[in-house]
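Protein chains in written order, with UniProt numbering: chain H, 1 to 222; chain R, 1 to 178.
Source of the hints: derived by calculation from the structure; they are not laboratory data.
Quantities reported herein were computed from a predicted structural model and do not represent experimental measurements.
Please note: incorrect hints may appear among the correct ones.
[What the hints assert, rightly or not] Derived CB-CB ranges, DEER-like: (1) H/Lys162 to R/Gly123: 34 to 42 Å; (2) R/Lys126 to H/Asp189: 58 to 66 Å; (3) H/Gln41 to R/Pro86: 24 to 32 Å; (4) H/Asn197 to R/Gln64: 17 to 25 Å; (5) H/Gly167 to R/Lys126: 41 to 49 Å.
Glycine included, C-beta positions come from ideal geometry on N, C-alpha and C.
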Amino acid sequence: MSADAPTESQAKSITYCGVCSFPPEYCEFGTSAAKCRDWLQKNHPELVAAVYNPGAIIVESSSYFPYHEHILISILFPPEAVEAAMSNLSVDAKEKAVKAEEAASKRAEKEAAKAEREAAKKASSRVILKRVERTKRKHVIVVSGLEAFGLDLKKVAKDFGKKFACGSSVTKNPSGGEEIVVQGDLSDDILEFIEENYSVVPVDNIDQVEDKKKKKSEAGPA
Amino acid sequence: MFKKPFPHPQKSKLKSSAQRAIRQRIATEFPLLAPHLDFIIPKKSQLDVLKLPDRISLYSLDGQVLFFQHFDDQLIPHLRIVHQYPDCFPIIQTDRGATRFILKGAHLMCPGLTSAGAKMVDGLEKGAVVGVKGEGKENACLVGIMKMTSEEIARINDGVGVEACHYLGDHLWKYVGE
Numbered sequence: 001m002s003a004d005a006p007t008e009s010q011a012k013s014i015t016y017c018g019v020c021s022f023p024p025e026y027c028e029f030g031t032s033a034a035k036c037r038d039w040l041q042k043n044h045p046e047l048v049a050a051v052y053n054p055g056a057i058i059v060e061s062s063s064y065f066p067y068h069e070h071i072l073i074s075i076l077f078p079p080e081a082v083e084a085a086m087s088n089l090s091v092d093a094k095e096k097a098v099k100a101e102e103a104a105s106k107r108a109e110k111e112a113a114k115a116e117r118e119a120a121k122k123a124s125s126r127v128i129l130k131r132v133e134r135t136k137r138k139h140v141i142v143v144s145g146l147e148a149f150g151l152d153l154k155k156v157a158k159d160f161g162k163k164f165a166c167g168s169s170v171t172k173n174p175s176g177g178e179e180i181v182v183q184g185d186l187s188d189d190i191l192e193f194i195e196e197n198y199s200v201v202p203v204d205n206i207d208q209v210e211d212k213k214k215k216k217s218e219a220g221p222a
Numbered sequence: 001m002f003k004k005p006f007p008h009p010q011k012s013k014l015k016s017s018a019q020r021a022i023r024q025r026i027a028t029e030f031p032l033l034a035p036h037l038d039f040i041i042p043k044k045s046q047l048d049v050l051k052l053p054d055r056i057s058l059y060s061l062d063g064q065v066l067f068f069q070h071f072d073d074q075l076i077p078h079l080r081i082v083h084q085y086p087d088c089f090p091i092i093q094t095d096r097g098a099t100r101f102i103l104k105g106a107h108l109m110c111p112g113l114t115s116a117g118a119k120m121v122d123g124l125e126k127g128a129v130v131g132v133k134g135e136g137k138e139n140a141c142l143v144g145i146m147k148m149t150s151e152e153i154a155r156i157n158d159g160v161g162v163e164a165c166h167y168l169g170d171h172l173w174k175y176v177g178e
């Protein structure tokens, strides 16, 4: 553009946390602070000291107010009183810091528990490929339970359609959830496809079932 | 703006004339960014526009959102851009206590900009696009629009000072184009 325009990109390269995607210095505000720290330790050990500088917080929070108060106090009170007030103050600051730390660790604990619960839920949730007969010897496959693994059903349905060259849509089922209906007798192929492309879904969690005219065995899922 | 999840937007190519207009606008709105513009949006590149509900459009290049805009208001840079070119935007600093709330999507209130630990840039106009970083941090965590001038924030010291448009961890931050 102008004559003094740089000839190379001067963009600063920023390292983003691999866990929460924030710049690492903001990880402490995220939902996975402990994990973020591990990640940083593993991938960018040189940054750890800068980001998690112990004591930095205490210095920050105590360096502003006490200073002014100190001046005020020295005007109002004789030196002994000042000293007493100062020691009080530093105790206060320390207490505050300790409290803040406690709160932070509590938060971290809570989040860890939450993450664990979610993982457990994921591990226990199942994907069901149900083969439903439409007309004689024509079938559709109803895939339900994928949303528990954080997959976007619409996208997955589109992928199914593309892969198998068939109709594939997201429909609401009677129990209020959503499921993917794939037109064609493709139960095994879908199983394979999920195995290959969506690694978030453990293969052991996929069930293939056949829908009988009498729906007795299939009352629970979906 | 992006506190709530948004539906997967429809992507369409931006007309080259419109792309030129956008470049022009970026250059006039962020004069400091002008020399870097060729690297952010190379001349021969094809920008995509993603239309979201509520008349928000995102301008993206290769699946990465660069700027966004409500209706025809100011173009607002994505945080990634602010991180990459921090010297090209006015960056103000807020105190430590406010950072937590910003990351939850709160607007930035005046006291968070006037207390100790906060640093204000003087002479900002109402409606200016600013980056906000937390105390003791290096990178911005919020991109917002000034709701008052710098001077008014110092004087009134009450209410919303900077309107939050895009913060770390919102759905625009999490959005990945294909």
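For the pair lysine 162 of chain H and glycine 123 of chain R, does the Cβ-Cβ distance stay inside 34 to 42 Å? The hint (34 to 42 Å, Cβ to Cβ) is violated, given that lysine 162 of chain H and glycine 123 of chain R are roughly 55 Å apart.
Could one say that the CB atoms of lysine 126 of chain R and aspartate 189 of chain H fall in the range 58 to 66 Å? Given about 60 Å between the Cβ atoms, the range holds.
Note whether the CB distance of glycine 167 of chain H and lysine 126 of chain R lies within 41 to 49 Å or breaks it. Between glycine 167 of chain H and lysine 126 of chain R, where Cβ atoms are some 54 Å apart, the hint is violated.
For the hint 17 to 25 Å, verify it against the beta carbon of asparagine 197 of chain H and that of glutamine 64 of chain R. 24 Å, holds
Is 24 to 32 Å a correct range for the gap between the Cβ atoms of glutamine 41 of chain H and proline 86 of chain R? Cβ of glutamine 41 of chain H to Cβ of proline 86 of chain R: about 26 Å, so the range 24 to 32 Å holds.
Figure legend: structure checked against the earlier numbered hints; hints not met, in rising order: 1, 5.
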